[in-house]
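Asker: Spelled out, the chains give:
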Amino acid sequence: MTVVLSARDLRRHYGGGERAVDGVDLDVMAGETVAVMGPSGCGKSTLLHLLGGLDRPSGGRIELHGRRIDNLGEKALARLRRTGIGFVFQSFHLLDELTAVENVEMPALLAGRSPRAARRRATELLDRVGLAGRAGALPSQLSGGQRQRVAVARALSNEPAVVLADEPTGNLDSAATLDVLRLFGSLHEAGQTLVIVTHDARIAATADRLLSMRDGVLIDETRLTGGTSGRLGSLVRLED
Amino acid sequence: MQQEVVLAMLAKEPSHGYELRARLRDALGPLGEAMNAGQVYVTLTRLERAGLLTAERSADGADRADRKVYALTPDGQQRVAAWIAETSWPKPDLAEFHLKLIAAAAAGLADPLAIVDTQRRELLRRLRDAQRAAMAEPEHSAAALLLEGVVLRLQADLRWLEACERTWTHRRSGS
Numbered sequence: 001m002t003v004v005l006s007a008r009d010l011r012r013h014y015g016g017g018e019r020a021v022d023g024v025d026l027d028v029m030a031g032e033t034v035a036v037m038g039p040s041g042c043g044k045s046t047l048l049h050l051l052g053g054l055d056r057p058s059g060g061r062i063e064l065h066g067r068r069i070d071n072l073g074e075k076a077l078a079r080l081r082r083t084g085i086g087f088v089f090q091s092f093h094l095l096d097e098l099t100a101v102e103n104v105e106m107p108a109l110l111a112g113r114s115p116r117a118a119r120r121r122a123t124e125l126l127d128r129v130g131l132a133g134r135a136g137a138l139p140s141q142l143s144g145g146q147r148q149r150v151a152v153a154r155a156l157s158n159e160p161a162v163v164l165a166d167e168p169t170g171n172l173d174s175a176a177t178l179d180v181l182r183l184f185g186s187l188h189e190a191g192q193t194l195v196i197v198t199h200d201a202r203i204a205a206t207a208d209r210l211l212s213m214r215d216g217v218l219i220d221e222t223r224l225t226g227g228t229s230g231r232l233g234s235l236v237r238l239e240d
Numbered sequence: 001m002q003q004e005v006v007l008a009m010l011a012k013e014p015s016h017g018y019e020l021r022a023r024l025r026d027a028l029g030p031l032g033e034a035m036n037a038g039q040v041y042v043t044l045t046r047l048e049r050a051g052l053l054t055a056e057r058s059a060d061g062a063d064r065a066d067r068k069v070y071a072l073t074p075d076g077q078q079r080v081a082a083w084i085a086e087t088s089w090p091k092p093d094l095a096e097f098h099l100k101l102i103a104a105a106a107a108g109l110a111d112p113l114a115i116v117d118t119q120r121r122e123l124l125r126r127l128r129d130a131q132r133a134a135m136a137e138p139e140h141s142a143a144a145l146l147l148e149g150v151v152l153r154l155q156a157d158l159r160w161l162e163a164c165e166r167t168w169t170h171r172r173s174g175s
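For the protein sequence lines, the chains are A and B, in the order given.
The first sequence begins at 1 in full-length UniProt numbering and counts up one residue at a time.
The second sequence begins at 1 in full-length UniProt numbering and counts up one residue at a time.
No wet-lab data here; the hints were simulated from the structure.
Beta carbons are placed, not taken as given, at the ideal position from N, Cα and C, and that holds for glycine.
Fair warning: there could be bad hints in the mix.
[Claimed, not checked] To spell it out: a stretch of chain A is covered by chain B in this simulated footprint if at least three of its residues, at any positions, have a beta carbon under 8 Å from a beta carbon of chain B; those stretches are:
no., stretch
1, 174-188
2, 194-207
3, 213-224
Hey, can you work out the whole structure from these sequences and the hints?
Answerer: Okay, here's the thing in structure tokens:
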């Protein structure tokens, strides 16, 4: 198995002695879905920002496909964020004045693709997230779940090595959460590597590997392989 | 299968055994897969003996349980009405797990945090199974609504386990 993303002794300390991330070691394998769970303030969002180059570590190292990225210059880091990594945020971060398809094609345009190739790719991606019919809609005309699916399509624009998601279901109701989980499931089947930080157990339950984070460190790893008895009826009181 | 549930599913109109089972299957979806016809017919037989329903052989004279037509008696209708008005609700047995942690810690039988951890894995597995089943349901299916209830309860239980973990971590470091 190939390691896609790895961190060693990763740290992010702030003035005043606050240690948001305090020595994290992590290897994310190709095609794996990893969930990082923990209470608010445990450092999980900071960890994700460090992994994606949105924030700079105070110490340690990060490698993407074996290449160090924690010490890149601003320009190289910006390029990496556009092409190597896809981001999905809790509050979607779509541009309100652009349509769905325009939002999705933006990263491809920024990466220097031709407008025609970018549009073709964006159209394919919207189809893949089940929104082919809403390409011309503005974010304000879409439901929360649909907006998040647009954001996922945008994250996939440049075929990133890894998609990093920060509380992707944090603003969604149950039905929309299921939609997003279904979408992550299909990305997983297609071999996309995913790292999701969340306090939503529903996401954690669908990941290959679940890491628990407290006070800036990873304290526990769970693999949910194997099933329950396999009898769904035992989840309710139909069988005594 | 609870007797009142079977009675209530017959309240709409007298029905064949197989119709009754189809109604239950639609309502329960994958959660009802483990339910076998035998359980339902055992319950029907008990209800008939208790005078709460009648079982008529269908016209073709077959004696098979799923070809019989079941109908509520007036007593059966009263029982259903009383059941609909009841406010009973399943009580999760949290006390048992709570006492398990206390007993394990007091007697040094096991580390309460390890017990919490094992339990969390088990609940996460159930959550995963329930969620997969929910994702496979068509929109607006009756079973999807039931599965949502299962998912929400498991989430609540997992949050309580987080509280258990916090408290027992605190107790352990305090002692």
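Asker: So, for every hint listed, does it hold in this structure?
Answerer: Hints versus structure:
1. Counting residues of the stretch 174-188 of chain A whose beta carbon lies closer than 8 Å to any beta carbon of chain B gives 5, which reaches the threshold of three, so the coverage claim holds.
2. For a cut-off of 8 Å, the count of residues in the stretch 194-207 of chain A with a CB near a CB of chain B stands at 5, and the three-residue condition holds.
3. Counting residues of the stretch 213-224 of chain A whose CB lies closer than 8 Å to any CB of chain B gives 3, so the stated coverage by that chain holds, three being the minimum.
Checked against the numbered hints listed earlier, the structure breaks none of them; every hint is satisfied.
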